[in-house]
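S.K.: Each chain, written out:
Number of protein chains: 2
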Amino acid sequence: MLEIGSLFVFLFLSMEREAELVCDLTLDSVRKSLIRQEDTIVFCIIERAKYPLNSPAYNQSYASIPGFSGSLLEYIVRQTEKLQATAGRYENPEEHAFFPDNLPSSLVPPWNYPQVLHPAANSININKMIWDMYCNQLLPLFANEGDDGNYASTATSDIDCLQALSRRIHYGKFVAEVKFRDAPHDYEPAIRAQDKDALMKLLTFENVEEMVRRRVAKKAMVFGQEVNLNLSNDDVDCQGKYKVDPSVVSRLYVDWVMPLTKLVQVEYLLRRLD
Amino acid sequence: MLEIGSLFVFLFLSMEREAELVCDLTLDSVRKSLIRQEDTIVFCIIERAKYPLNSPAYNQSYASIPGFSGSLLEYIVRQTEKLQATAGRYENPEEHAFFPDNLPSSLVPPWNYPQVLHPAANSININKMIWDMYCNQLLPLFANEGDDGNYASTATSDIDCLQALSRRIHYGKFVAEVKFRDAPHDYEPAIRAQDKDALMKLLTFENVEEMVRRRVAKKAMVFGQEVNLNLSNDDVDCQGKYKVDPSVVSRLYVDWVMPLTKLVQVEYLLRRLD
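For the protein sequence lines, the chains are A and Y, in the order given. Using this note's numbering, read the first sequence as starting at 1 and increasing by one per residue. Using this note's numbering, read the second sequence as starting at 1001 and increasing by one per residue.
For the record, the hints were derived by calculation from the structure and aren't laboratory data. All residues carry an ideal CB built from backbone N, CA and C; glycine is no exception. There's no promise every hint is true.
As the list claims (entries may be wrong) - Some chain Y residues judged to face chain A by a derived CB distance under 7 Å, without partners named: (1) F1043; (2) I1065; (3) G1088; (4) K1219; (5) L1229.
This is chain A alone, in the form it adopts within the complex (with noise of 0.2 Å):
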């Protein structure tokens, strides 16, 4: 009997092996992945707060760019995009162009990163949306009116803001499939009725939503303060003079990125039984 029940200890540590091998998501993955992007995007935020708006950036007018016809930055985003293409970015599932037509195809070795989405996530991509919310919401908000003429320095700063807001968007999908196959009957019933709805209110958690919310302004604060070797850290609280308003941190996450992130996942698990 002891040897039989050994043999299934074998057996089960074997499979969660594999499984390991196969993919390592667990919510505890999926929660430190999406905790440790908070700060990339705090980050990134920050640094393109240091230029003023730079509107000609944005301006189809400003560039006379042969053969182009859009903004400076959409000239720059399209062409890193094809760079960085080339260097393999799109192969991994949690990177999404902008631009995704008309790539030019990896000039690495593939890299095997483990296939742990359903196929169909594949076709999911709201980076237009992501895109629009940037330029003509959040940016408006934290970037100071001026210019200073530093528009490549400037696009490039939207391009780390962009990258990463998307990235952390479309991690929807992986935080979607995690949470499935942890409690699949509990979303079969609304993906087989493909109720949007009803998915929506099983992946909403407004004390988990709330706590984020707090979470992302104090670190607008942390990250955003003039360090000083006379003040304590402590003071972090009563200084009020930040990088970034902590506030627009915080609507960021609670009218475009926690949103965002749910209809990734509302239309990831839609498809989840295809």
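Add chain Y to chain A, keeping to what the hints say.
M.R.: Coordinates of chain Y only, in the frame set by chain A:
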């Protein structure tokens, strides 16, 4: 008499304003810029530390790019600099390309950057030393061993680090210019004698360097901590778990950033009276 006095005041204020328009370079503005650039450098290093070393990105024999024989990083940096040159990045005297030969012209209307430096500044570019320091000495100190295949993202993160370090170190030109303007008689004898050692001595303030060393280590602690809603920010000093070891950031400044900045200052001052 009053009217003549008013005229003098008016002329004086006009000259002041003119001087401000031509150049608002002061010891204070330079100091503020250097301190702000520390934050950028620490953010960049923390972001690069998200990825393992990913050594194939630095290996000449790895990437097989038609018509190109360097590493993937060199390829991505060269292409990125070409793109940023078309957007006018290198028109700004604070920016220096790593591969400045044969960069394309800017496609955007010229920006009237204030010309505050002696024209000799254009011939000073120590990016080869910065590249070598970053890839061969700094990176192995803070990037964990390993390979996750994200070479495009890693290289993008490397470019952010390289550009931030290059901007900070070449900012020595502005530091030297403002110090020279503040006390030209202190520097002129050593410049006329072309005495590098004497200039280096004039530019070295050990107490200031010690304060910078401590401040950047503190920034690595503050920006590299796990921000937790339940912890006071004062716990940062005793948590001991940072995304990048603060002593590596201190060493980066003590061994490389400050000495290389002084090298730029000396090179600039040697030609300041040409």
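S.K.: Does the structure break any of the earlier hints, and which numbers would those be?
M.R.: Violated hints: none at all, because every hint is consistent with the structure.
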